[in-house]
Amino acid sequence: MNHLDQLENKSVFILREAFNRLDKIGMLWSLGKDSNVMIWLAKKAFFGHVPFPVIHVDTGKKFKEMYEFRDRYVKEWNLTLIRDTCPPLEDMDPSLPAAARSAARKTAGLKKVQDREQFSGLIAGIRRDEQATRAKERVFSPRGQEGQWDFRDQPPEFWDQYKTDYPPGTHIRIHPLLHWTELDIWQYTKRENIPTIGLYYSKNGKRYRSLGDEDITFPVDSQAATIDEIIAELQTTNISERAGRAMDHEAEDSFERLRADGYL
Amino acid sequence: MTQLSQSAVRDLLRIVIVGHVDHGKSTLVGRLLHDTNSLPQGKVEEIRAMSDRRGMPFEYAFLMDALQAERDQGITIDTSQIWFNTEKRNYVIIDAPGHKEFLKNMITGAAQSDAALLIIDAVEGVREQSRRHGYLLHLLGIRQVAVAINKMDLVGYSQQRFEEVAQEFRSYLNDLGVVPTFILPVSAREGENLTRRSAAMDWYTGPAVVEALDCFVSEPLSSDLPLRLPVQDVYKFDERRIIAGRIESGRVTVGDEILFSPSNKTARVKSLEVWPDTLASPSRALAGYSVGLTLDEQIFVERGDTISHVRNAPIETDVFRARLFWLGHDPLITGKSYKLKLNTSEVQVQVQKIESVIDTGDLSLSQPVSVERNQVAEVILRARRMLALDAFNDKPATGRFVLVDGYDIAGGGIISMEGYADQRQLITQRATNIVRVEQGISDEERARMNGHRGGVIWFTGLSGAGKSTLSVELERRLFEKGYSVYVLDGDNIRFGLNANLGFSPEDRSENIRRVGEVAALFARAGMIALTAFISPYRSDRDRARAAAPGCFHEVYVKADVQTCESRDPKGLYKKARSGEIKEFTGVSAPYEEPAAAELVLDTAKHSIEECMAQLITYIEANFSLRAMSRKAG
Chain Z
1 MNHLDQLENK SVFILREAFN RLDKIGMLWS LGKDSNVMIW LAKKAFFGHV
51 PFPVIHVDTG KKFKEMYEFR DRYVKEWNLT LIRDTCPPLE DMDPSLPAAA
101 RSAARKTAGL KKVQDREQFS GLIAGIRRDE QATRAKERVF SPRGQEGQWD
151 FRDQPPEFWD QYKTDYPPGT HIRIHPLLHW TELDIWQYTK RENIPTIGLY
201 YSKNGKRYRS LGDEDITFPV DSQAATIDEI IAELQTTNIS ERAGRAMDHE
251 AEDSFERLRA DGYL
Chain U
1 MTQLSQSAVR DLLRIVIVGH VDHGKSTLVG RLLHDTNSLP QGKVEEIRAM
51 SDRRGMPFEY AFLMDALQAE RDQGITIDTS QIWFNTEKRN YVIIDAPGHK
101 EFLKNMITGA AQSDAALLII DAVEGVREQS RRHGYLLHLL GIRQVAVAIN
151 KMDLVGYSQQ RFEEVAQEFR SYLNDLGVVP TFILPVSARE GENLTRRSAA
201 MDWYTGPAVV EALDCFVSEP LSSDLPLRLP VQDVYKFDER RIIAGRIESG
251 RVTVGDEILF SPSNKTARVK SLEVWPDTLA SPSRALAGYS VGLTLDEQIF
301 VERGDTISHV RNAPIETDVF RARLFWLGHD PLITGKSYKL KLNTSEVQVQ
351 VQKIESVIDT GDLSLSQPVS VERNQVAEVI LRARRMLALD AFNDKPATGR
401 FVLVDGYDIA GGGIISMEGY ADQRQLITQR ATNIVRVEQG ISDEERARMN
451 GHRGGVIWFT GLSGAGKSTL SVELERRLFE KGYSVYVLDG DNIRFGLNAN
501 LGFSPEDRSE NIRRVGEVAA LFARAGMIAL TAFISPYRSD RDRARAAAPG
551 CFHEVYVKAD VQTCESRDPK GLYKKARSGE IKEFTGVSAP YEEPAAAELV
601 LDTAKHSIEE CMAQLITYIE ANFSLRAMSR KAG
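Protein sequence lines, in the order shown, are assigned to chains Z and U.
Each step along the first sequence adds one to the number in my numbering, with nothing skipped, and position 149 is 149.
Each step along the second sequence adds one to the number in my numbering, with nothing skipped, and position 520 is 520.
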C-alpha cells in the first residue's frame, strides 16, 4: 500500500464514519484544491454518489474562475449545492485587523447556514500542515452552539474512534484531510486526474498557492505552470502555503482568534 | 490508474515525542526542524521577533508551541504535528504534552505513531511522566522506542550521569518487558547528537537521534493475519447493496466464503466495488483498504458485524478482561455502565470488577473500587450482548476499544481473554436438519403424577462453600418427603459424561453447558435436579437458565475465600496456593457472583440446618402442587 493509498483509504474511512454516525451532514466546498479532493474522496467512499449537500459560503469576492468552476462541477459531479452569502464587513468585529475582519465574514456566513440548516456535522478540508493551530485539530472536532472551538479541552482521539456523541445544540466538524500535506494533495490530484482551477498555475512568474477572497489573497513567485512543476516546486520550497493569505500575518494570534471563533 | 514511481511518493514514518513536562520535548523538535532545514522561511525570525517584543529569551520550543496560550504558560497543551525529512524518508513528528493534566492529548498523539522518542532530563532524571509515558507506549502497542537523555550540556556531558539515568529507566522498561531500541545522550538546545554525532560526547559511540529514527520501520500492514473486516455501513444508493468497511487485518478475495460475527451468518463475496467505474474491479483487497463488497445472497448484515473467513473467526464472548487507561472527568466505577466502541460495534458494558489499579511509577498493584482520571487499571467488563473480538496480543486492531461516558470518550483499553472462554462453540448449533418432536406427555400431567413440578436447583459458589453438602442433604430430605429428586455432582459427571473435558476456560464452559442441558432434561422428565458446580462464569449460568426456561432456580452458596480455604474439604486450596493446581477459582481464576440469584445462602454466617430450612421452605413454595394450590386457594 503506497502513501497515497494510505491517505485515501483513511479519508474514505472518516467520511463513511461521519455519514453513518451523524444525523445530518454537509460538506464545505471552498472550490479550492483541497475541497475538490474531498469531493472526489466522497465519490470514492460512496461509489459515485455524494449523499449529502455541499455548501459554498460565498463572500461574493471570489475570483471569476472560481465561480465558473463551481457552476460547471455542480452539474458534472451531480452535487446538491447550498449556496449562502456572507453578512457585510460592517457587521464584523472592528477590533480585528483589516484582512482578518474581512475573513471573519466567512465565519459569519457559515454561522448563518448552520443556524438555518442545523447540521450535526460539517465536513471541512483543513490540513494539519497548513497552519500551526490546525496541526492541533482533531478529525472529529466538537463545536459549541456558536461554532466556537475549545482548543484547551479537546476530546481524546485514538485508534480511529472518534467523538460521535454530542449534546443537543452542538455540532461536529469533520476533517477528512487532516493528515494530508499540500504535496500529498497535488500528487493525488495528479494521480486521480481531479480538475483544478487555473489560478494555481503560474502566469507571468506568479501563481496562487491557496485561494481565498480576491482582495486578501495574493499570488506567490513561481514558474510552476503544470501540475508536475507544482509538485517539483513543493518538494523544495520552504515558503509557507498560506504566505499569500493576508489575514494570517497581521498579528501573531489573529488566525488563532479567527479559528477559536469558528473559522475553518 | 496511473502508477507513481517509487521516488515520487516517499515513505512516511510517524514519531511521537513524549516525556515528563519540561524535559525538553518541544525544544528537541524545534531544534531538529531547524537543523534539518525543515522550517518555513522566516519562521525563526518571526519567533525571535516575537520573543524580543515580549522580553523573553528565544526558545526553539516556541516554534512548536504556536498557540497563544502555550506561549503564555510555556507548556504544550495539545498534541501537534509537524513534518520533516531526512535523506532516507519523510517524518511526521507528533509532539505530545508531558503535563499530567493533558494525558488524553498525549495518548491522542501517541496512538497514531509508528515509533516513539521518549525524552528524559539528565539533571532531573526519571520522573513520574517518564515512567507513565513509557508504560502507556507499551500499552498502546508501540514497540519501537528510543530514549533520549536530554540536557546533557547541563551535566557537563558526563558519561557517568548518562549511564545512571539510562540504567534506571532501562530497568523500569525491562520490568514491563520492553527493551528500548536506543538510549542516547542529547543536548537539544545545543544541537548535540541530534543530526550528527556529538564532539562533546566522544565517549558515546551509538547513533545520533536522526540516525536512530532512520533505523525504525513503518508499521507493517497486517495482511498476513486472519481476515477482520468490521462492517461500517451498508449502502443502497442504486441497485447494488454494498457492504462497506475497512480491512483491519488479512485479505479478502472475490468468491471467498465469509462469516459475519456475532450474527454467525455466512455468504460468498460476489464482487469488490470501486469508483470510478472506469477502473477494473479488483479481485482481492488487503489490510488497510476501505472496501465495498457485494454478496451472492441477500442476508441481513449491519454495522458492527465483523467479517472473517469461516476458519480463524474472531472470539465471541460477552465478558472479557481489559487493561485500560482512564481519561474521564468522573472516575470509572464498579457496577456502572458505559458505552463500549470496538471497531464499528457499540454496546453497553458494565464494569463487573476492578481487579487492580496499576501504579505506573513502581508497577505496584492496589484494589480500589474506582479508577481515577489518568490511572491504568485491569478490569472485567460484561457486555449486554455477544461481541466479536480478539485478544490484543494476537490481533491488535480488533483487540482494543474505547469507553464512552455520557458524550465523551473517557478511556481506552486492550483485551485479554485470560481465564475467559471463547463462547462461539457453545452457542453455535452445528446440525442443521433437525426438528423438535412434541412430547406425548405434558408437563402438567407429569406434575400431577409426582405431586410437584420439575425444575433445576442450581447451586453455585466457591469450592468449599457448601454446595455438595447442601445438595446431598437436600436430596435426602426431599426424597423422604416424596419428591422425585436427583443430585448432579461436579466430580461424578466428570467421570462419565464429561470425561473428555479438562479445565481450560473453554472446557469449563462446555462442562457447565452439558450439565445445564442434562439438568433441563431431568426437569422436563418431572424431577427436581440439584446441581452442585462452582460454575464461576455468569454467562455459563445464564445459558443453563435458558436451557430450562421458567423452572431454573439459582442458589448462591455464599462464603468468602478465607472461610472456604479454612474448610478446604478436598485439600484443593492448598494445592492451588502451592501452584500444583493452576487456574483455581477464587485463587487464580475468577468467580463471578450472581447478580440476581433466586436464593442466597450465606454459609459463613448460617449453619447447615438454618440453610436447609430456607431451602425446604423455598422448594415447598415453588414446586409442591399442594403448597402451591393452598397458596392459590
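Treat the hints with caution; some may be incorrect.
Said to hold, decoys possible - For lysine-lysine, the following DSS-like pairs were computed, each having C-alpha atoms within a straight-line distance of at most 27 Å:
| hint | chain 1 | residue 1 | chain 2 | residue 2 |
| --- | --- | --- | --- | --- |
| 1 | U | K270 | U | K236 |
| 2 | Z | K43 | U | K236 |
| 3 | Z | K75 | U | K236 |
Stated by the list, open to error - Far from chain U, by Cβ distances over 10 Å, these chain Z residues were calculated:
| hint | residue |
| --- | --- |
| 4 | H3 |
| 5 | V12 |
| 6 | R16 |
| 7 | F19 |
| 8 | D34 |
| 9 | P51 |
| 10 | K203 |
Note that these hints are calculated values from the structure, not bench results.
Even glycine gets a Cβ: it sits at the ideal position worked out from N, Cα and C.
Hints versus structure:
Restraint check: the Cα-Cα separation between U:K270 and U:K236 comes to about 16 Å, which is no more than 27 Å; the hinted pair holds. With a C-alpha separation of about 14 Å, the suggested pairing of Z:K43 with U:K236 holds against the 27 Å cut-off. The hinted pair formed by Z:K75 and U:K236 meets the criterion: a straight-line CA distance of about 22 Å does not exceed 27 Å. Not every Cβ of chain U is farther than 10 Å from the Cβ of Z:H3; the closest lies at roughly 5 Å, contradicting the non-interface assignment.
For Z:V12, the requirement that its beta carbon stay farther than 10 Å from each beta carbon of chain U is not met, with the minimum near 4 Å. The claim that Z:R16 is not at the interface with chain U is violated, since a C-beta of that chain comes within 10 Å of its own (minimum 5 Å). Non-interface call for Z:F19 relative to chain U: violated, since the shortest CB-CB distance, roughly 7 Å, does not exceed 10 Å. Z:D34, annotated as away from the interface, keeps every beta carbon of chain U farther than 10 Å; the closest lies near 16 Å.
The non-interface label for Z:P51 is inconsistent with chain U: the shortest C-beta to C-beta separation is roughly 7 Å, within 10 Å. Distance to chain U confirms Z:K203 as a non-interface residue, since its nearest Cβ pair spans about 23 Å, more than 10 Å.
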